[in-house]
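The residues making up each chain are set out below.
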Amino acid sequence: MPLLETRGLTKSFGGLTAVLDLDLKVEEGEIVSLIGPNGAGKTTVFNLITGLYLPDRGDILFEGRSLVGLQPHEITALGIARTFQTLRIFTNMTVLENVMVAQHCRSKAGMWSAILRLPGFRREEERIRQKAIRWLSFFGTRLVGYRFDQPAYSLSYANRRRLEVARAMATEPRLLLLDEPTAGMNPHETQEMTGLIGRLRDEAGCTILCIEHDMKVVQGISDRVVALDYGRKIAEGTHEEVANNERVIEAYLGRKRACAKPGEPSAEPQTQT
Amino acid sequence: MSTDFQFGTDEWVAQEEARRREAEAAGRLGFRLRRAWDRIDPRLRLLAGLALAALVPFVVHNDYHLRVAGFTGLFISLSLGLNVVAGFAGLLDLGYVAFYGIGAYSYALLASPHFHQHWPFWLVLPLVVLISALFGLVLGSPSLRLRGDYLAIVTLGFGQIAGILFLNMDRVNLPFLHLDRPLNITGGPNGIINVDDIRVLGYTFDNVTRYYYLILIFTALILIAIYHLDRSRIGRAWRAIREDELAAQTMGVDVRRLKLLAFSVGAGVAGATGVVFAAWQGAVFPPNFDVTVLIILYSMVVLGGVGTVWGAVSGGVILSILPELLRNPEMARFIFYGALVLGILFAFRRRKLSGLALLGGVILWGLAVKALLTWLRPAWLTQPQIPASIAQSFYAPLIKALNWWMVHPLNSQGVGNIAFAVALGLLLVAYRFKARFQYALWVPALYALTFVWETRLVQEPSITRMLIFGALLVLMMNYRPQGLFGQRRVQRQ
Amino acid sequence: MEAILKQLPQQLVNGITLGSVYALIALGYSMVYGILQLLNFAHGEVYMIGAFIGWGVFALLAPQETLLLPAPVLILLMLVLAMLGCGLLGVVIEWFAYRPLRDAPRIAPLISALGVSFFLQNAVLLTMTARYRTYRTGLLIPRTWQVSAFGATISMTKILVIVVALVLMVGLRYLVQRTRLGKAMRATAQDREAAAMMGIDVDRIIVVTFFIGSALGGAAGVLVGLLFTQVYHFMGFTAGLKGFTAAVFGGIGNIPGAMLGGLLLGIIESIGSGFISPTYKDLIAFALLILVLIFRPNGLLGAKVPQKV
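Protein chains in written order, with our numbering: chain C, 38 to 310; chain R, 437 to 929; chain E, 938 to 1246.
Among the hints, a few may not be true.
[To be verified] Simulated restraints on C-beta separations:
#1 R:Asp642 <-> E:Gln947: 54 to 64 Å
#2 R:Arg479 <-> C:Leu53: 35 to 45 Å
#3 C:Thr178 <-> R:Arg479: 25 to 35 Å
#4 C:Thr178 <-> R:Ile476: 45 to 55 Å
#5 E:Gln947 <-> R:Asn609: 39 to 49 Å
Worth flagging that the hints you see were computed from the coordinates, not collected in a lab. A virtual CB, placed ideally from N, CA and C, is assigned to each residue, including glycine.
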């Protein structure tokens, strides 16, 4: 049984069909990249999986269980976490708190035990803290030490991306959805993030579904690549297969100039909004 | 390989850092104080505050002043509760005062001769907290689906409905019960009187001092509870919701549940405070729970700093005591002119000369106006006498000087009203007029302000108080949205 | 039942009159909300000040029992001056209390608006005292001028109120739909940044919107003064809340919606207070507001906006 499976997933906004009849399978322990031109519906797929949108048709199965109709926080509790393309850190909370929040669904102290500071509450709080520190330490020294108590807005762009990944990992997911994890990073940082995504799978045992534009990153991390265009799956396979697929090239570069290779890093201008 | 790249650092982060550094450099004393304050153990802060507050009855020998101190405590607990909803969770709850009223009326109904019920306090308090929290749930559960500002309006409507019901439920006709006469539930405008004093284990709280200590303990308990709540997974989740609801949701926070919790905690605190209030005042009346109280509470929370526990406390203390000081016209003048001079000096702390020039300008302008009017239209003016009661007091020189400097029109009310409009206009123009000589505009504007102060505002302390609260909300939002003691918050682009 | 049916036409007339005033107030909310997504809490106070300006003009030009000007001119003058004064007031409020907060967290302009509202209310209390001021409408429009139809009496004042409100609304509709300014306003409401990039002076559009919205509020104030003859400093609070109810009822940000919402609210309130109890007339309006927001938060004519992620 695949870890995640979508069957005939469809979502449209008004007259615009963002995702159409998408069948997607992610096996346990895989790293799958989702590629496609801007507006191909990649982020919509993420929003559907994480319960932010309700699909018009189709089903989403996580470990054989349907996610349709569940609240986003329930889906997170089942073991799916994500990052955002547009970076949605909790700007005015400290770096450590940002990650501690993500332990919310893995902890259960109630209001009264918090008010009365019962021993159970203290133990749990300490556990949450330790876990948060562990995930922040995953990025070497960048987010540790004095950074713990700094407000998150003081972080650089790349560090915010890292913080988002750490925060997502702190929800203890089995499936991690990364939405353009290297957008806005310089080549050096991009390379580092590429290595890190591999480590997330190997060391944390996370299955990863990743939206990425940078074909070098895609090549570096993916076991499998799925290409979308206008909400439909147009190709699926290894990086080689997809990168040389005619429909993919066409989708990226248009019909007439379909001679250039999409394997170049800047197959598409990376825009950040 | 350097460990930190500046690549991609947003402009606004850089700006923010620069502003922070500038603040550190400029207000060095403020910054040092802040750091020292932050280093004090919160338990120590609380104990010190409590010890100080416990001394108040020994220093104050006037029942009225002690009552003000007691009300300060009640307002602090109300602001703390409001802070949970509006500050931590970021929900603009404009029906908050209704819960305060529900608490007070519930106690009054259960412990007064009105329905011949005299339930014990220890039973009523948890019951009322439960009732208020339930009302919070009832109001919260449907309205949480709404966008932020709709929530504000729904809660405002709820507050109004509660007010209308308090005022009109003295002649309730239930169609199916066939009562022989309308049922009087809330006492209408006459309220409910003779509410029982609080009695715990045979000890009756029957004088101001006892109530003061009761309120002190009550407020301290609420403070501790909310402080603890803030520093727990629940408080963190609230703040996460305030920062980014959607991200909080995807990080596994049950947003709906936590918002409801915030609503009910706020409502419960307000309800409990209402109980203490009803017992202390011995009566409840509809105007005790009107929009004015709401505005006062928001002013307190905003002044101290939205979302900080200590902010609610400091805002509550400042805004409870300040209006009382304004009641005494001499003291009010002293504070007003002191604040004006200090304010100008502070605003011009980098260009001390301009500040002094402005002050001098206002004084000269006043003298010129006085001279001109005395020469041209002496019949319009009068010269007030200093009342004998203060002739020997500390304020006498100030009042004498003021009387000599300021013009005193015969028809002070009419002229003062016009001057009020003129002063407002001038202040607004001076505030927004950007030109080389914009400071010159401040001279007539400030003069007009002092004139209005002398002719109208000092005479009407209760309206002045409201004007100050209203202006405070606007000014704080414009200049220090984080409040006096809060940390500056950065807005996500 | 018979009695109820007999009363119905009269209640409908009252409701339509009241509703056209609510519609005018609602337009102010709706226009500002449409452009800035801001709840202008102070709008009710603007309306109240409009009523006071109208009263001031009236008191000045009709010192005793005689009018210094013919009645139609006087009414026109009251309306125009109140609209001008309120329009300016609205612009000043925007300028001072909202503009600096345009990019602040959403809660900030709301609190600021609350402060403005409270300040204005007390400023009027300070200068005008808490006394009720009376419009001597009888001097302008004799009470005997009335029309009877279907068992309802329609006084000339009511007709005037309805006609003026209608003219203003038609004018607004024309302005928004048919002029360049209106097009710019609609564009700004759709997307402020995009409008700015297309060369629209967004600040100017916002100022104009505040001016028009507040002017309509001022006109509503004068009309209410003529209709109910009494004005006081606290009248803006409830009326503001009802105007907002009407705006939300119709779909906030939607101009025909505000008109429809105002009319419906007026009718519901009149019928409700006629058949249940006048004491609970405000309660009916607020309960309606809460119900609408819960069950149809986008209002009758409002469109659902998808959430951006």
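Comparing the hints with the structure gives:
| no. | hint | in the structure |
| --- | --- | --- |
| 1 | R:Asp642 <-> E:Gln947: 54 to 64 Å | holds, 57 Å |
| 2 | R:Arg479 <-> C:Leu53: 35 to 45 Å | violated, 58 Å |
| 3 | C:Thr178 <-> R:Arg479: 25 to 35 Å | holds, 33 Å |
| 4 | C:Thr178 <-> R:Ile476: 45 to 55 Å | violated, 31 Å |
| 5 | E:Gln947 <-> R:Asn609: 39 to 49 Å | violated, 24 Å |
This entry does not satisfy hints 2, 4 and 5, going by the numbered hints stated previously.
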